[in-house]
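Undergrad: Sequence:
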Amino acid sequence: MGVVVAPLDESRPLPPRPRSNGMWLLRHQMFKLFDKCSQVMLKQLGNRDMDIDIFHTLVKRSTTMIHPNSNFRRLWDVWTALNVVIVCTIMPLELAFDHYMEAQSWTEPLELFMDVYFVLDMLLSFRTGYIESGEIVMDPKEVSHHYMWSWFVVDIVSNFPFRFVLTSTANPKSVKFLKLQKIPKLLRFTRLLKYMRQYAKYYKFVLTLCVMAVSLHSFSCIWVYVYFLCDHDDASNPNSLCDLSTLEISPVYLEALTNVVLLYMGFGQQSTYQSITSVLASPDVKASEGSYLLSLGIIFLGMATMSVMIGNVISIIISWDQQSATFRNRMDVISAEMRHYDLPMDLQRRVRRNYDYLWLNQRAYSEMSILNQPGISQPTRTTIALHLYRDLIESVPYFAGEDSKFLGRVCLALKTAVYLPDDTIIQEGDTGREMFFVRRGLVNVEVPTGPPHIQLKDGDFFGEMALVVDVRRTNTVRAVTICDLNVLSKNAFDDILAEFPNFFDKIKRVVIERQLNNMVHGQMDEGDSSILVTPHAVDICQRYMYSVGDHIIFFASIAHYVTERQGHYRSRTQRRRK
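Each residue of the sequence shown is one higher than the one before, counting from 1 in UniProt numbering.
Because the hints were derived from the structure by calculation, they are not lab data. From a predicted model like this one, the values you see are computed outputs, not experimental measurements. Treat each hint with caution, since some may be false.
Unchecked claim - As a list, the in silico SDA-like pairs of lysine to any residue whose alpha-carbon atoms are at most 25 Å apart: (1) Lys405 - Glu428; (2) Lys415 - Gly463; (3) Lys415 - Arg472; (4) Lys415 - Leu497; (5) Lys141 - Phe72; (6) Lys457 - Ala417; (7) Lys201 - Arg330; (8) Lys201 - Ile276; (9) Lys415 - Glu434; (10) Lys506 - Gly432; (11) Lys141 - Asp155; (12) Lys415 - Phe461; (13) Lys204 - His387; (14) Lys405 - Leu442.
All chains, full assembly: derive it from the sequences and hints.
TA: Structure (structure tokens):
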């Protein structure tokens, strides 16, 4: 949408190489430099074609209008900001050292180039859409009306060619001050600052820094203008040090800058250093009402700017450690509450250890916080949850092979829980209502009839039967180390089953087969290989299982099947013995 700057194609043929190799190489290098700068700037500013369109309406491509977020417009804004910096640097110098700057051969072409560039910028502004209330306006009449009532006055004042309009009889001092008309161009620098929206906490700092730099430079040049002893407009000036062929402006500017910086910081009216030039008068020698007003203006502006700068620096430093400060404040509240209720010291240490773990591993926040933000759409939440938990969920046989929609719904239902060493996660005999996934840590499963301990580590899961059947826990599970677990509750899982009824049939077969294996192998005698869990057995039990919640009918069907198989086995054994 709009004009797009295409990168320089290295494969396209270069123009015919002239005889002057130096000019050809210079032109070729300039093209490569411009292309490289364009690529770097577009990379830093972002390519609109790769961004998500955040507007409600589709904007048709136009050959006469420029999209405000197009690559061409972004690149143009960058070059405009750079030209504004050049203008705001050169103009005050022309005020302070007018005859010296006029004697330079590069100033006249540079001014002409800047005038042409900013006139083109005004013309492009009439053809560049704008954003209003979240919508892009590309209608030429509305764009022109919007520009006329916004930036047009600033641009016309700062770009008007007064130096061509004024006659030669005009006062030279007035002509000097008219050059300051270009200072409002500095407002155009905000075009570049708007691309810092992703660095919001640095925006005010950069803006204040720009104001400080421009004000220091401008006041330094005004200081030179006030106290400069070389009046080139006066032909009778006898000072030989003011000869343009021998005059050096660097010492003059540095001395003025030193005085202005000291005033800016409120340290004094003049520098405590020895004068480094003899063409700059001391303020005490040339003191006047205007001199005092200039000093007061610098002091007041410096106090205001320095206050804002210090505030921004403090704000940035606090933002770097904002999470740590929030965590410390929370711990202070928790510690005071524990002391108020006179909790045992051992229990207080366990609570602090729990929060220390949260801080060291999650920085006082978890990945679930982004899933709970109210402004994020449901599909985006699902995508984030799948990125966080998909590998963990797919390790469970229940969920293996399911589609992304179902897995995303399961991932969104997960909660995070932290257990300290020796904490009991599951107690034998309790009614199970959750399933657990081990993200980090080590847990022990204490099996009453089996090995003393079965250890589960990162990526393992346990307690899955509680999701589909109301049963009591048969094992006790304890944390060996600090454990970071994800928990899926039965209530959330029931809601998922209601949303995905086709998954119900699959999970019925998985649960029946798992329970048959546990009960058959727990009851069959040594060497008995006839009691096997077959698909036919699962089908028989599934006939009696009308719903996942009907656990009584479910277990009755399994018990009936196992008893039937054991009776059949004993009858066959007795017949063989006879």
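Undergrad: Now tell me, hint by hint, if it's right for this structure.
TA: Outcome of the hint check:
| no. | hint | in the structure |
| --- | --- | --- |
| 1 | Lys405 - Glu428 | violated, 35 Å |
| 2 | Lys415 - Gly463 | holds, 15 Å |
| 3 | Lys415 - Arg472 | holds, 22 Å |
| 4 | Lys415 - Leu497 | holds, 18 Å |
| 5 | Lys141 - Phe72 | holds, 22 Å |
| 6 | Lys457 - Ala417 | holds, 15 Å |
| 7 | Lys201 - Arg330 | holds, 24 Å |
| 8 | Lys201 - Ile276 | violated, 41 Å |
| 9 | Lys415 - Glu434 | holds, 11 Å |
| 10 | Lys506 - Gly432 | holds, 21 Å |
| 11 | Lys141 - Asp155 | holds, 19 Å |
| 12 | Lys415 - Phe461 | holds, 14 Å |
| 13 | Lys204 - His387 | violated, 35 Å |
| 14 | Lys405 - Leu442 | violated, 31 Å |
Figure legend: structure checked against the earlier numbered hints; hints not met, in rising order: 1, 8, 13 and 14.
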